[in-house]
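The opening position of the sequence shown corresponds to residue 8 in our numbering, with each subsequent residue numbered one higher.
Don't read these hints as lab results, they were simulated from the structure. Source: prediction; values computed, not measured. Virtual Cβ for every residue (Gly too), placed ideally from N, Cα, C. Mixed in with the good hints there might be a few duds.
Claimed, not checked - Mimicking DSBU-like on lysine-lysine, the simulated pairs with C-alpha atoms at most 30 Å apart in a straight line are:
#1 Lys-93 - Lys-64
#2 Lys-113 - Lys-27
#3 Lys-93 - Lys-27
To be verified - Using C-beta positions, here's what the derived DEER-type ranges look like:
#4 Pro-61 - Lys-27: 15 to 25 Å
#5 Tyr-90 - Asn-56: 11 to 21 Å
#6 Asp-41 - Leu-129: 14 to 24 Å
#7 Thr-81 - Asp-123: 43 to 53 Å
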Amino acid sequence: MLDLDQTLLHYVPVSQLSDKEKYLMEEPESRTLDRISADQRRVVIVDDNPSAWPQHKPNLLQVSQYIYFRYQMTNNNSEEDSYAEKESDECRSNGALSNVLKLLQKAHTRFQQEEDSNDLRLLIRD
Numbered sequence: 008m009l010d011l012d013q014t015l016l017h018y019v020p021v022s023q024l025s026d027k028e029k030y031l032m033e034e035p036e037s038r039t040l041d042r043i044s045a046d047q048r049r050v051v052i053v054d055d056n057p058s059a060w061p062q063h064k065p066n067l068l069q070v071s072q073y074i075y076f077r078y079q080m081t082n083n084n085s086e087e088d089s090y091a092e093k094e095s096d097e098c099r100s101n102g103a104l105s106n107v108l109k110l111l112q113k114a115h116t117r118f119q120q121e122e123d124s125n126d127l128r129l130l131i132r133d
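Please construct the entire structure, taking both the sequences and the accompanying hints into account.
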């Protein structure tokens, strides 16, 4: 969730999560925001699995699957090395996670600036 106190990157250690928040770490067949006490118009879900959120497609910002180790690759016989084998990671300035962060920051800024903006889900689509 985006913090309304204008800090985009905020985290809480897993040990301090409430039971409702720990629910998001589980791997059920499908997930729901019903147990989260937040206005769903202000929630953006970043996930690589759209089928996990069948009831919340408007909230979903789908990203490509992050594959670090070779065993995660669909084709383990691929000529391409995994990030782990390269001892590197995706591009910091133009990688998938970097681009998602840029999009979220832009949406957050617009959400704060536009007085009539009450639905963050619409801003991630623009």
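Hints versus structure:
For the suggested pair Lys-93 and Lys-64, the alpha carbons sit about 35 Å apart, so the restraint of at most 30 Å is broken. Annotation: proposed proximity of Lys-113 to Lys-27 holds, straight-line Cα distance about 28 Å (limit 30 Å). Taking the CA atoms of Lys-93 and Lys-27, the gap is near 38 Å; set against the 30 Å cutoff, the hint is violated. The given range of 15 to 25 Å is respected by Pro-61 and Lys-27, whose C-beta atoms sit roughly 20 Å from each other.
The hint said 11 to 21 Å for the Cβ distance between Tyr-90 and Asn-56, and at roughly 20 Å that hint holds. At roughly 21 Å, the beta carbons of Asp-41 and Leu-129 sit within the given window of 14 to 24 Å. A hinted range of 43 to 53 Å for the beta carbons of Thr-81 and Asp-123 is consistent with their spacing of about 44 Å.
In summary, the structure is inconsistent with hints 1, 3 from the numbered list given earlier, while agreeing with the others.
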